[in-house]
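Per numbering that gives the first Met the number 0, the sequence shown starts with residue 0, numbered consecutively.
Source of the hints: derived by calculation from the structure; they are not laboratory data.
Where hints are given, some of them may not hold.
Cross-link-like lysine-lysine pairs, in silico, DSS-like; alpha carbons within 27 Å at most [stated by the list, open to error]:
| hint | residue 1 | residue 2 |
| --- | --- | --- |
| 1 | LYS278 | LYS229 |
| 2 | LYS122 | LYS18 |
| 3 | LYS43 | LYS33 |
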Amino acid sequence: MVLNNKSVLITGGTGSFGKKFIETILSRYPAVKKIIIYSRDELKQSELRLKYPHQEFPQLRFFIGDVRDKDRIKRACEGVDVIIHAAAIKQVDTAEYNPTECIRTNVDGAENVIHAALECGVKDVVALSTDKACAPINLYGATKLASDKLFAAANNIRGSKDTKFSVVRYGNVMGSRGSVIPFFLKKRSEGVLPITHPEMTRFNISLQDGVDLVMFAIEHHLGGEIFIPKIPSYKILDVAKAVAPDCETEVVGIRPGEKLHEEMLTETDSINTIDLGDKYAILPSVSFMNTEENFIKHHKAKKVPFGFKYNSGTNTDWETVESLRSLIKDHVDPTFKVL
Numbered sequence: 000m001v002l003n004n005k006s007v008l009i010t011g012g013t014g015s016f017g018k019k020f021i022e023t024i025l026s027r028y029p030a031v032k033k034i035i036i037y038s039r040d041e042l043k044q045s046e047l048r049l050k051y052p053h054q055e056f057p058q059l060r061f062f063i064g065d066v067r068d069k070d071r072i073k074r075a076c077e078g079v080d081v082i083i084h085a086a087a088i089k090q091v092d093t094a095e096y097n098p099t100e101c102i103r104t105n106v107d108g109a110e111n112v113i114h115a116a117l118e119c120g121v122k123d124v125v126a127l128s129t130d131k132a133c134a135p136i137n138l139y140g141a142t143k144l145a146s147d148k149l150f151a152a153a154n155n156i157r158g159s160k161d162t163k164f165s166v167v168r169y170g171n172v173m174g175s176r177g178s179v180i181p182f183f184l185k186k187r188s189e190g191v192l193p194i195t196h197p198e199m200t201r202f203n204i205s206l207q208d209g210v211d212l213v214m215f216a217i218e219h220h221l222g223g224e225i226f227i228p229k230i231p232s233y234k235i236l237d238v239a240k241a242v243a244p245d246c247e248t249e250v251v252g253i254r255p256g257e258k259l260h261e262e263m264l265t266e267t268d269s270i271n272t273i274d275l276g277d278k279y280a281i282l283p284s285v286s287f288m289n290t291e292e293n294f295i296k297h298h299k300a301k302k303v304p305f306g307f308k309y310n311s312g313t314n315t316d317w318e319t320v321e322s323l324r325s326l327i328k329d330h331v332d333p334t335f336k337v338l
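Model the full assembly from the supplied sequences, consistent with the hints where possible.
Structure representation (structure tokens):
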């Protein structure tokens, strides 16, 4: 069992991903040694402690700290076997208005996590990325691309240590805060749904699927891979029909830093990408530890065709209006009904 008898640290552990990850670990790995929730939000930590009281869940530990603080993150990493790095400034507009703060958290913070992992002898490190890191057009995406590169390159500076670093990349999580479905559910009572662009598409992934992808990376990575799931797309107009078919739609224009389609792999990425069957992996462009042949053999994979790209607009797998309604009920609002 991959996490039994292991100590796990989750940066940004009070966020949506962190809470689902904790729930998953406790259900699948009852013999986990320790789960350290590392974040800077004391209110969210207090709420999580109420959900998981120490008397019932003595394996949980709560660390107030910021990934910008290299001494604090190093202290939190002592005795840790696995790190999941989920802490980040994620709001596109927030990053544009506060660029230095975004860089300090997303880039400098990533570097602090890497050095703490190496100094403390952590075995496995998996960082969360975003579709916005693929051909970035906003600062948030640019900082996450830099973070991805740092984690991939960390495998080349580990020396004699056996620490492995990898990344998982996926798009918007269904039903997450600020995403389109909760927004439409809230707006449908007004009779009009604002649409940024009628041709807009997005990939669709549940929070549990995101957690499962991280679990796969922990168990199977060689180090340096960026894992990307094969998931369905949806059209924004289909989401509107699924949520409120009788509502009018109003085109309000694409927001600054927003793309028409989510991108996960560009044509240039195809040079270093392998197909694992139900997911892709972008291999590091420079690896002193493993050759391309090593990665292909280890993952039982094959190279993707040259010029291949993967985005939500050209995807071959699509959600329908009916499938979206089922997913909304299962993953967003159990009381959902079409008005």
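Which of the numbered hints are not met once you compare them with the structure shown? none
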